[in-house]
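S.K.: Sequence:
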Amino acid sequence: MSSQNATVRQPQREKGRLRVAALLDAAQQVFAEDGFDAATMTAIAARAGASIGSLYQYFPTKEHVADAVLARYAEALYQRMQALQDASPEWRIDQLASELFPTLIRFRADHPAFGGLAESERGPALQATGIRKHMRRYVAEILRPHAPGMDTEQLEAMAAVVLQTMKTAVALTNEIDLPHRPAVLAQLQQMLALYLAAQLPAST
1 MSSQNATVRQ PQREKGRLRV AALLDAAQQV FAEDGFDAAT MTAIAARAGA SIGSLYQYFP
61 TKEHVADAVL ARYAEALYQR MQALQDASPE WRIDQLASEL FPTLIRFRAD HPAFGGLAES
121 ERGPALQATG IRKHMRRYVA EILRPHAPGM DTEQLEAMAA VVLQTMKTAV ALTNEIDLPH
181 RPAVLAQLQQ MLALYLAAQL PAST
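With the UniProt record's numbering applied, the sequence shown corresponds to residues 1 to 204, in that order.
Source of the hints: derived by calculation from the structure; they are not laboratory data. The C-beta atom is built at its ideal place from N, Cα and C for all residues, glycine as well. Do not rely on the hints blindly, as some may be mistaken.
[Said to hold, decoys possible] Restraint-style ranges between C-beta atoms, simulated for each label pair: (1) R80 / P182: 52 to 62 Å; (2) Q10 / Y195: 20 to 30 Å; (3) D151 / T42: 48 to 58 Å; (4) G130 / E33: 21 to 31 Å; (5) K15 / R132: 33 to 43 Å.
Kindly produce the complete structure, drawing on both the sequences and the hints.
M.R.: In structure tokens, the structure reads:
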């Protein structure tokens, strides 16, 4: 993992940066198809059309590759959350729910390897923990304009509940045999809207 003694080599030239980008593109595909545990450095190098030595030149271990891929995902996810934060002060409570609820569903659909890396017991745990903390902060800041006078502890507790609801939506979306999926998701979103309305009465 990122705590190992070996370090990632940072390319200094454009050619090297392009090579690293191609390796990470390939790694995203392999992680999405095989999962973190089954993915191999050999498969990543082969998918990138590179030698295994070229991969090891920049990433000493598979965990370092996963860290770099997850860092990519984190940046993209934070950009989405920042856009929501910028727009959120003008939203009604039902809009808060309808905008937040599908965020992770859409993000994971766009980045299929994200969930497996973030949740793998053997994957880049420190990176994943950092993402969860940042996500709770983003949700808290999205809620803050609608919670005048609410103390930080209560706001952070609300953010944790909202984020967990967003993650539950992902789990239900990915449950293969779930009957009546659209109705289930619609009711879960309604539950989130009712929760927010109860906790943020000043914004209703």
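S.K.: Next step is simple, just say for each hint if it's right about the structure.
M.R.: Now for the hints, and whether the structure bears them out:
The hinted range of 52 to 62 Å is not satisfied by R80 and P182, whose Cβ atoms lie roughly 23 Å apart. The hint said 20 to 30 Å for the Cβ distance between Q10 and Y195, and at roughly 44 Å that hint is violated. Take D151 and T42: their Cβ atoms lie about 53 Å apart, and the range 48 to 58 Å holds. At about 25 Å, the CB distance of G130 to E33 agrees with the hint of 21 to 31 Å.
Between K15 and R132 the beta carbon distance is about 36 Å. The supplied range of 33 to 43 Å therefore holds.
Violated hints for the displayed structure, listed by number in ascending order: 1 and 2.
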